[in-house]
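Residue numbers (my numbering), protein chains in the order written: chain A, 11 to 315; chain B, 11 to 315; chain C, 11 to 315; chain D, 11 to 315; chain E, 11 to 315.
These are calculated hints, taken from the structure and not from any lab test.
One or more of the hints may lead you astray.
No distinction is drawn between identical chains; accordingly, a pair holds when it is met within one copy or between any pair of copies.
Stated by the list, open to error - Each computed BS3-like pair below joins lysine-lysine, with the alpha-carbon atoms no more than 30 Å apart:
#1 Lys117 <-> Lys52
#2 Lys163 <-> Lys117
#3 Lys163 <-> Lys151
#4 Lys277 <-> Lys184
#5 Lys184 <-> Lys151
#6 Lys21 <-> Lys181
#7 Lys188 <-> Lys151
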Amino acid sequence: MIIKKKTNWFKMLFEWNGSVLPQLLPRLLLLLLFSLAVVCFKPFLLEHNLHINPAAFTLFGITLAIFLGFRNNVSYDRFWEGRKLWGALLNDTRSLARQSISLINDKEYETKRDEFTNLLIAFVYSLKHQLRHTDSEEDLKRLLENEFAESLKEVRYKPIIILRELGNWIKKAKADGKIDSVTQLAFEENLNKLSDIVGGCERIASTPIPYTYSVLLHRTVYIYCFMLPFGFVETLGWITPFIIVFIAYTFVALEAIADELEDPFGKQPNDLALDTMAEMIENTLLELNDKKINPLKTNSDYYIT
Amino acid sequence: MIIKKKTNWFKMLFEWNGSVLPQLLPRLLLLLLFSLAVVCFKPFLLEHNLHINPAAFTLFGITLAIFLGFRNNVSYDRFWEGRKLWGALLNDTRSLARQSISLINDKEYETKRDEFTNLLIAFVYSLKHQLRHTDSEEDLKRLLENEFAESLKEVRYKPIIILRELGNWIKKAKADGKIDSVTQLAFEENLNKLSDIVGGCERIASTPIPYTYSVLLHRTVYIYCFMLPFGFVETLGWITPFIIVFIAYTFVALEAIADELEDPFGKQPNDLALDTMAEMIENTLLELNDKKINPLKTNSDYYIT
Amino acid sequence: MIIKKKTNWFKMLFEWNGSVLPQLLPRLLLLLLFSLAVVCFKPFLLEHNLHINPAAFTLFGITLAIFLGFRNNVSYDRFWEGRKLWGALLNDTRSLARQSISLINDKEYETKRDEFTNLLIAFVYSLKHQLRHTDSEEDLKRLLENEFAESLKEVRYKPIIILRELGNWIKKAKADGKIDSVTQLAFEENLNKLSDIVGGCERIASTPIPYTYSVLLHRTVYIYCFMLPFGFVETLGWITPFIIVFIAYTFVALEAIADELEDPFGKQPNDLALDTMAEMIENTLLELNDKKINPLKTNSDYYIT
Amino acid sequence: MIIKKKTNWFKMLFEWNGSVLPQLLPRLLLLLLFSLAVVCFKPFLLEHNLHINPAAFTLFGITLAIFLGFRNNVSYDRFWEGRKLWGALLNDTRSLARQSISLINDKEYETKRDEFTNLLIAFVYSLKHQLRHTDSEEDLKRLLENEFAESLKEVRYKPIIILRELGNWIKKAKADGKIDSVTQLAFEENLNKLSDIVGGCERIASTPIPYTYSVLLHRTVYIYCFMLPFGFVETLGWITPFIIVFIAYTFVALEAIADELEDPFGKQPNDLALDTMAEMIENTLLELNDKKINPLKTNSDYYIT
Amino acid sequence: MIIKKKTNWFKMLFEWNGSVLPQLLPRLLLLLLFSLAVVCFKPFLLEHNLHINPAAFTLFGITLAIFLGFRNNVSYDRFWEGRKLWGALLNDTRSLARQSISLINDKEYETKRDEFTNLLIAFVYSLKHQLRHTDSEEDLKRLLENEFAESLKEVRYKPIIILRELGNWIKKAKADGKIDSVTQLAFEENLNKLSDIVGGCERIASTPIPYTYSVLLHRTVYIYCFMLPFGFVETLGWITPFIIVFIAYTFVALEAIADELEDPFGKQPNDLALDTMAEMIENTLLELNDKKINPLKTNSDYYIT
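This is chain A alone, in the form it adopts within the complex (with noise of 0.2 Å):
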């Protein structure tokens, strides 16, 4: 996702990179044109009585203007809901690296720990992937044993084997007498969260909001804007299609917007920064290790941090 610098009211005015302008410039320049046509053709649609009444508009819009702000809601909602399960995801990985420090009372233990640690990691990059249909590979082979991630290949539902490593690990740690089942519960609490996470980003990234919504508000959105000249040809002066352009670049853009909202875990500008993020929770994790850690990599401009 774009974040910029905040920049004075008056610059931000001609902002060009953080809009949907550039997308939609050519569909606006096409209306542009069709209602300069328009003008051109007054007194040819007046004489047959082929323009509109301007008051089935201001109806009409303001109606649409309700159910695309509908449509946003729920676009925004999922953006969101996204983010706040990589938040939450940030929030059980650290919890489950203190506990693995905290709860289990052996020197011993600490390389076994970086072990756990590596398998934090690895279940958040193979979600990253699984969300995005990105090739886990590198990332896993980087983080786990060989074996391990050599059978990681051919498995569909890469998260949830590693959550199941990561319970076995716990488990092997009770085995060994280094916990007892109450302090492996509080384990096993967070590893449940984690299941929900990965479920609730599959939910979001598997279920689109009903197609139907999304064509009966695009194909309303754009007919309505091509049918805007028809309703202001007659007070139709050379500045009006200008205006008309101007509301039509709302409409269009908001609905472009809450469609690239709609899936936030895709690649597109504003969906969410999930390679920043996941660098940002491997530094967190290892900073609890009290590993070394280097600034992030990715571009500062697509995350505050």
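Fit chains B, C, D and E to the given chain A structure using the hints.
The following block gives chains B, C, D and E in isolation, referenced to the frame of chain A:
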């Protein structure tokens, strides 16, 4: 539910399958004919003062939009809550399957573990069948011991009895000395969550939006649409009936979508893909137990995997 | 609450029972007569400048719609929260009944278990009677030991005392050595949830929407409707009074529905089907204890099973 | 808070006590006089072009309604969250009182149990007094041991210190060998919830809606109302000032209600009935301990029991 | 954040400090001059048909209000979520401090307990400094042992490392035989909640509302305001520019408030009073440990105590 690959913005305008348009077409044609009739009788209607002030229409149309927005919101919330419950079903069955592995430290338990997993899968399918009022016999026979499957035939709340069986499986593991009370509690918590999921689904399925709301809005939407021609009869040129149908389409289509989403467990095109979800849960639970899994049978158009 | 089978879109327009129309009819007729009177006195009113700018009506009508939308939202939230609480009641009583089976490993406990289940069922009925201010004596006698049922007569917060009894049943099981502290905790958590449910229902029942809101909106809606004729008197042909009544119907009906839903535990047609829900909980708990159950007595029109 | 018995729809129109009308009357009269003055100076104003386009009023009025709707929502949410917190207070104190009975298996503990219950009741009253900035001395003396009540005088966060005392009571029970760590945890969880309730109430009481919002909306509402006459001066007959006052009433009254609900723990007529709720909690806790209870002292008009 | 004592409704109209007006004044003056210029050039503009249909303005203004309402909602939710997180911080630190008293039965532990409390207070301050990007050195030196405070200098995620230290304090108490696993779990749960709070605050601070939204709305609001004069040029008397500025003020001020609330942890006048809250938490924790506390240093204008 119908999920399409993203097409470009222009093609999306002419989408046919993903919309409720086909089902609404007859009604909209009726409205078109009615509007055209009003155009024909324009002089007669104006003479007898049988037209309506357009201000009344703006006022009322926006009011209607606000109320329809409310209905829409509520329906979508039900849809999304249904989806969340099935997401939680995935998470909790996964957690239980993982716990049956990492909380029971006994190699001999492997065959018994398959029994547990099968109970979980049977639980999912029986819930699906209960919500859709379909016959669960085939699925239960495939997954459960013959005797138990047979005894379930007469049972009214099947998922609850399967849940009791899951509880008994854990009870036996405790009686066998494989787990203690504390560990039993860890299972128990997830069983409680499954109980909440069953009840949550039953709640949505058994309690629709108060019928009075539906009647009121349905009635208002249609009466409104069929009165629209009287509002625009004064300015009604030959182009206006098409505008009226376009406005009506938005209102009527939104009402239709809201009506479909209200019961998310049905089999209408916009309802939840329970079949795919049940199959997906089966797959991920089997994978957790190191079983080979097949690609999803159900049409991949209906669920993004 | 009234639940009808889906009829087709056309028949639904003429639905009578499922709507609040019957109750509102006298008021709407009054408004119709009033509007017709305004039509008759049109010349007099215009002469004395006793009509109102229609712009004021558009402005005010939409404002009213927004505020009514808020009232509607709040009322529906109360209705749905009430439903959720009764859904949670189902889930938690089922969980407790299941726990009484799978957490207590003793064959002799079977008759005692029935006692526990009966306490749970009595809890449900006593809550229903408290919320509806009806007499719980009959139900409690049917389910509880005579002596205890008798002692409950004088009690003001009956469900809470039954809850204490459930706690004491578990205390006895522990004293008998059937369960340990850990298992007692598992029961205890679900008892806490039952306590939350009682309090939640009492909260909704004892704290309506601030009365000032109701008065303000009620007053505004009716004054608005009876001023409508003055707004349209200029353009008021013989068809307009019917339009006015139609607009008024939507506002007035929404206010009436919101008013009914506000107290979801009442006995008005749109309130929750507490009778059926209590009976359903009784059935599912009995089935869990391998008892035979009968079909629901209460009219299946009122609850989808 | 004011709760009235339902009257019929007609009488409700003339409700006086349950509304904020009395408090607003002077301002509305001022507006009426102002409007009448505008009617008198109509020719002068029109001549000097000192009237305003009514379109600006429609636009702005609806905008204002949307923003006021937001303010309203937020205020009501605070009111309802406050109510939920006091509902949770009821639930958790009941749960703790029940646990003091069913988790401690010792007949001698009965007098000590009364001490515990009194601490719970004192907790409730001290929270009430803290939220209302009233003196808790009398209530604390009535309920607590003299010495402890005396020491609380100097304490700033009284409920928290009482909470610590509750924790110490349980600590003593454990030291006496009446409960083990596991049972202590069951109490501890409910104490944590009480801590959350105190903090939640403090949060609502200490952090009002950002003052800038209140100022902005207050200012806009009143300026808007006093500009209304200029918008309708052209069409302003002798009936219009009354319409203007009616429109203004709705806006101004909603702002006033929102302002009252914002701080739900105050003593204004629409605030929460903390007195009755505290008394009700005292009653139900005493009944749980088999004490006789009296009917609620506080006016039954204020709380539905 | 600025909190004022309630003034009467009339004085509130002229409030200056509590509003964003000062900051917006230059822009509004610019708009006023621009509007006056339009009034001067009225004949020229009308002649060349350079005015805009006012219907377009009504339509667009309401649309804008709906979208601005959405932005507003989201910003306020972030503000309130931030407040809730700091409220939870208060609750959980209080709970932990109480547990360090009532769960550890040892008189000698009193000095160690102060260490624990100081760690909690240091946790709060370090979170505050992290969120505000200020230097925590002074506060940490005051509260922690020199050596540990020194080692924290290099640490990036300070609150997390202090949290680990809290975990280690409990680990030590267990190693000393003061508590068992079960009691450790009770602490552990509250530590998990602290971890959630840190992550929640980081989430809000690091992920603003998608920048595209802000740009789109900012741009639309200002362009809209500067086009208003062209919409009212036809009816534009000398009074209208003031109306236009008044309308613009509402839109622009709401956008400005929403922009301030978006990042609730900043130091703008409407942001959260983190300083006072941190000081208040310190006070209440010290009081729990029977220390004397001073009145809040920070200006009581900023927080209601």
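Evaluation of the provided hints:
Taking identical chains as interchangeable, the C-alpha atoms of Lys117 and Lys52 are never at most 30 Å apart, the minima being 86 Å within one chain and 85 Å between chains. For the homomeric pair Lys163 and Lys117, the shortest alpha-carbon distance between copies (25 Å) is at most 30 Å, but the shortest distance inside one copy (34 Å) is not. Taking the shortest alpha-carbon separations for Lys163 and Lys151, only the intra-copy value of 10 Å comes in at or below 30 Å, while the best inter-copy value is 33 Å. For the identical chains of this complex, Lys277 and Lys184 are neighbours neither inside a copy (42 Å) nor across copies (48 Å), given an alpha-carbon limit of 30 Å.
Taking CA atoms no more than 30 Å apart as the test, Lys184 paired with Lys151 passes inside one copy only; the shortest distance there is 27 Å, against 38 Å between copies. In this assembly of identical chains, Lys21 and Lys181 lie within 30 Å of each other by CA distance neither inside one copy nor across copies; the values are 58 Å within and 55 Å between. Proximity of Lys188 and Lys151 under a CA criterion of 30 Å is satisfied intra-copy only: 29 Å inside one chain copy versus 35 Å between copies.
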